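Asks: Dock chain U against the given chain V, drawing on the hints supplied.
Chain by chain, the residues run as shown.
Protein chains: 2
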Amino acid sequence: MAGFKLGICQMPVTDNKGTNLATAREMLLGAARAGCVVAVLPEMFNCPYSHKYFHQFAEMAPDGETIGMLADTAKEAGITIIGGSIPERDGEHVYNASFIFGPDGRLLGRHRKVHLFDVELEALAFRESDTLTPGEDIEPIQTPETTFGIAICYDIRFPELVRTLTLKGALVVVVPAAFNMITGPAHWELLLRARAVDNQVYTVGAAPARDPGASYVAYGHSLAADPWGRIIARTDEKPGLLIADIDLEFLSKVRTELPVLKHRRTDLF
Amino acid sequence: MAGFKLGICQMPVTDNKGTNLATAREMLLGAARAGCVVAVLPEMFNCPYSHKYFHQFAEMAPDGETIGMLADTAKEAGITIIGGSIPERDGEHVYNASFIFGPDGRLLGRHRKVHLFDVELEALAFRESDTLTPGEDIEPIQTPETTFGIAICYDIRFPELVRTLTLKGALVVVVPAAFNMITGPAHWELLLRARAVDNQVYTVGAAPARDPGASYVAYGHSLAADPWGRIIARTDEKPGLLIADIDLEFLSKVRTELPVLKHRRTDLF
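Going down the list, the sequences are from chains V and U. Per our numbering, residue 538 is the first one in the first sequence, and the count goes up by one each step. Per our numbering, residue 538 is the first one in the second sequence, and the count goes up by one each step.
Okay, chain V solo, but in the shape it has when bound (with noise of 0.2 Å):
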């Protein structure tokens, strides 16, 4: 496919699984009747990012209550539904996880992040690996439209992961994520936009609505950048459907303009 509208569903996270769980759906049909043929929920779109709901909001893949909802969803409006993330149990241990879906409502993929966000700044400390589990994959997802690649918000710090992807054959990373009020004004869209140059890809940034009230206060701001490393999508901080418009010709051209994937020097690094 040569293009495709991509809707990123800025919705409000609640510590009511239910009212999340509805809000996602309606966002993802609003976003299919808006023309949209792949869908991107944020990060903990389920449940609130503190660790006292991660344990108790986390579901069983493949029959909890927030697969099903997707699955569904994506069979309804016919559409890609990237899930955002939502905590994952997996015996003991809790995933930060995100779950793909198709068109038909078939699970294509997930993605468990993989670099925990453990960080203490001057005005804000999270230790998120006190409650859970990093995954152990770094693999792209195919799905009708194109490959994408996941990485789960702190994921996108590391520049080796969006390369992995990148060179796995994703054209499109999707970055669910709750960047905050420190980190969200000074990296969250230089990290988005230097990730496309780099690999030459699209990059997604889906965050959260803002809550001034909630525990952790997430920046919002989800964006779109091209693989020029331009910004073709943004919003503030409130809730809304943000749509980008993914062109992979555009992407061809650009890698065969400023052939940087051919000129990695692999035999030095």
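Rather than coming from a laboratory, the hints here were simulated on the basis of the structure. Treat the hints with caution; some may be incorrect.
No distinction is drawn between identical chains; accordingly, a pair holds when it is met within one copy or between any pair of copies.
Claimed, not checked - Lysine to any residue pairs mimicking SDA-like chemistry, simulated, CA-CA at most 20 Å apart:
{"no.": "1", "residue 1": "K799", "residue 2": "E697"}
{"no.": "2", "residue 1": "K705", "residue 2": "F806"}
{"no.": "3", "residue 1": "K705", "residue 2": "R802"}
{"no.": "4", "residue 1": "K542", "residue 2": "G642"}
{"no.": "5", "residue 1": "K705", "residue 2": "D804"}
From a predicted model like this one, the values you see are computed outputs, not experimental measurements.
Replies: Just chain U now, with coordinates in the frame of chain V:
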């Protein structure tokens, strides 16, 4: 050393080598008078960025006229000089090479550009490999002030190169470069900021001043970014000395608070 002043000499480059050397020398001495203990020159500061001059202006190390001027000026001013780049002859080959001198005039190291600029943009085509040979080493260079990494122009497009320099100890990555009027506005600031954030290093981009009459028109806009990705010094396209304050304590603080270099999943890349 916890911090030091670094001067970026955004100099005009002409087709007269003697003029270029005199300009460079004057700006380096000016940087020393302004309190800089390190001064940086742009890419191909002694030679127009054009195939017809690279071989003609090339010099053998360590006896060339340009290399001699840099050594003498470093000693006279008592500063470290990162000599941008010049065409360096070695047998039949000509490299795009940077020579680094300590305050005693001693040669401390050399970086030969490892990624040659071979591109075919709609508005600009260039094939450095028609006349130049790529370098074969990625090694940081120790000076009295800190550990520097050097990436020459197109080198900065490769995250692996700056990562390699960082993992080998570089804390300040200097980028002598001549981005052009297409790639400059699109990517120059983005790449320098992103490499700084990804690697939690200072990045220093040293460009020649713009000459609108040249066959290859440089963007100018020398700048420096700190390890949090903030631009700490920037200029426009005109000739001038730009001073950046390098604060290695701040660098350590960033690395402690957001320890991305420790979080890399080297088991997966």
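Asks: Are the hints correct? Go through all of them and say.
Replies: Hint by hint, here is what the structure shows:
no.: 1; hint: K799 to E697; result: both (16 Å within a copy, 14 Å between copies)
no.: 2; hint: K705 to F806; result: both (18 Å within a copy, 12 Å between copies)
no.: 3; hint: K705 to R802; result: both (17 Å within a copy, 17 Å between copies)
no.: 4; hint: K542 to G642; result: within (19 Å within a copy, 59 Å between copies)
no.: 5; hint: K705 to D804; result: both (19 Å within a copy, 17 Å between copies)
Violation of the numbered hints given earlier is absent; every hint is satisfied by the structure.
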